[in-house]
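Asks: All chains, please: the whole structure from these sequences, using the hints.
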Amino acid sequence: MIKDIWPIIRNCLGYADQRLVDFAALCVIRVIDSYHRSHADKLELLVDADLIRAVNVLLLPPGGSSLIPAGTFTLLVKSMATAARSSPTIALTLLKADIVTTLYQILTGVMPPTSVSSEQGDSASGQGLGGGLADMTIMQNLAYRPKDQVEEALTLIQELMPPLPKGMLSS
Amino acid sequence: MAKAKVKSERSAALAAVVGTHASVPDGQSAASSRAHTPTGGPPTPGDDDALGAVPPSETLDNLPTLPHTGLWTKDIPADRTELLRQHPAETTKFINLIVPLLIDVYAASVSVPVRTKSLASLLKATAFQNEEQLRTTLHVGLSRHRLHAFYLIIYLRMSR
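Here the protein sequences line up with chains U and G, keeping their order.
Per our numbering: the first sequence = residues 1 to 171.
Per our numbering: the second sequence = residues 1 to 160.
Calculated cross-link-like contacts (lysine-lysine; reagent style DSBU-like; alpha-carbon spacing at most 30 Å):
#: 1; chain 1: U; residue 1: K96; chain 2: U; residue 2: K3
#: 2; chain 1: G; residue 1: K93; chain 2: U; residue 2: K42
#: 3; chain 1: U; residue 1: K96; chain 2: G; residue 2: K93
DEER-style ranges, computed between Cβ atoms:
#: 4; chain 1: G; residue 1: Y155; chain 2: U; residue 2: P7; range: 47 to 55 Å
#: 5; chain 1: G; residue 1: V110; chain 2: U; residue 2: I2; range: 38 to 46 Å
#: 6; chain 1: G; residue 1: I154; chain 2: U; residue 2: V110; range: 24 to 32 Å
#: 7; chain 1: G; residue 1: V112; chain 2: U; residue 2: V57; range: 28 to 36 Å
#: 8; chain 1: G; residue 1: I154; chain 2: U; residue 2: Y15; range: 41 to 49 Å
#: 9; chain 1: G; residue 1: P113; chain 2: U; residue 2: Q140; range: 17 to 25 Å
#: 10; chain 1: G; residue 1: R135; chain 2: U; residue 2: Y15; range: 46 to 54 Å
#: 11; chain 1: U; residue 1: D22; chain 2: G; residue 2: T136; range: 35 to 43 Å
#: 12; chain 1: G; residue 1: M158; chain 2: U; residue 2: S38; range: 34 to 42 Å
#: 13; chain 1: G; residue 1: R85; chain 2: U; residue 2: D4; range: 33 to 41 Å
Derived by calculation from the structure, the hints in this document are not laboratory data.
Since we're looking at a predicted model, the values are computed, not measured.
Even for Gly, the Cβ is constructed at its ideal location relative to N, Cα and C.
Replies: Structure representation (structure tokens):
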């Protein structure tokens, strides 16, 4: 039933009108929240690469928060975490859709370094400079971001990470 | 018998979704062995092969709603680790970018939930990677003082 409506809602996420985008995002959030416990497999069908890309575009410029109010932003990230928890396939799709960039920007406010070099000599010094710069920006950015968003971003990171071997994490 | 068949259908559907990444015979045999253990009534291998041929959307539409069994949730962690190991490119990129962030977040924050979550994610990342990958992550991704911060964090947590 929802499958027919789903592409329409997904298109709504791309519009410029603020309230429309807000309501479409709330709709997506409620669908994910209600499906993730009982019908995890149907959720996998719904939350596919297209939807994740659309959500990513919404979240990405943290000034795309001109489109979404802060509360909805938080709930959206939280529902991404719920979806990733309920199904490994969704977690992999999230990783493939380059949500790393989005998370990096949420936590730091700058773009992640695009050069991935495996040599130790050059990259160590380059990363040292970039690392020092990132420190200050991280602290400033963390101070200005609402606390909920930082917590939800960390929850999403935690869900995306591989699970621990059995019996490790007690608390 | 009907219940066993439905349960094996559901495991085959999950394996079919995961099996697009993994090798199909392994996923299906694992699914059939998983389906064997709780019920005791063995569905035939021919049964599973026929179900594997059905596209996942059809099987999912035909399934009635099953309650989540303990077996179902226990399978998911094993699948997840394997799934992530089969895609090392995205996983290592993710971990290499995020681990320095997590160290800084831990060092910069005061609120306990934030610190707990960042530490848990750090723990997961280090537990997942083998020695060679860890070396790459720690040396390429971290500047010198951040490396010291990382060691300090580990030492403090272990001494507590």
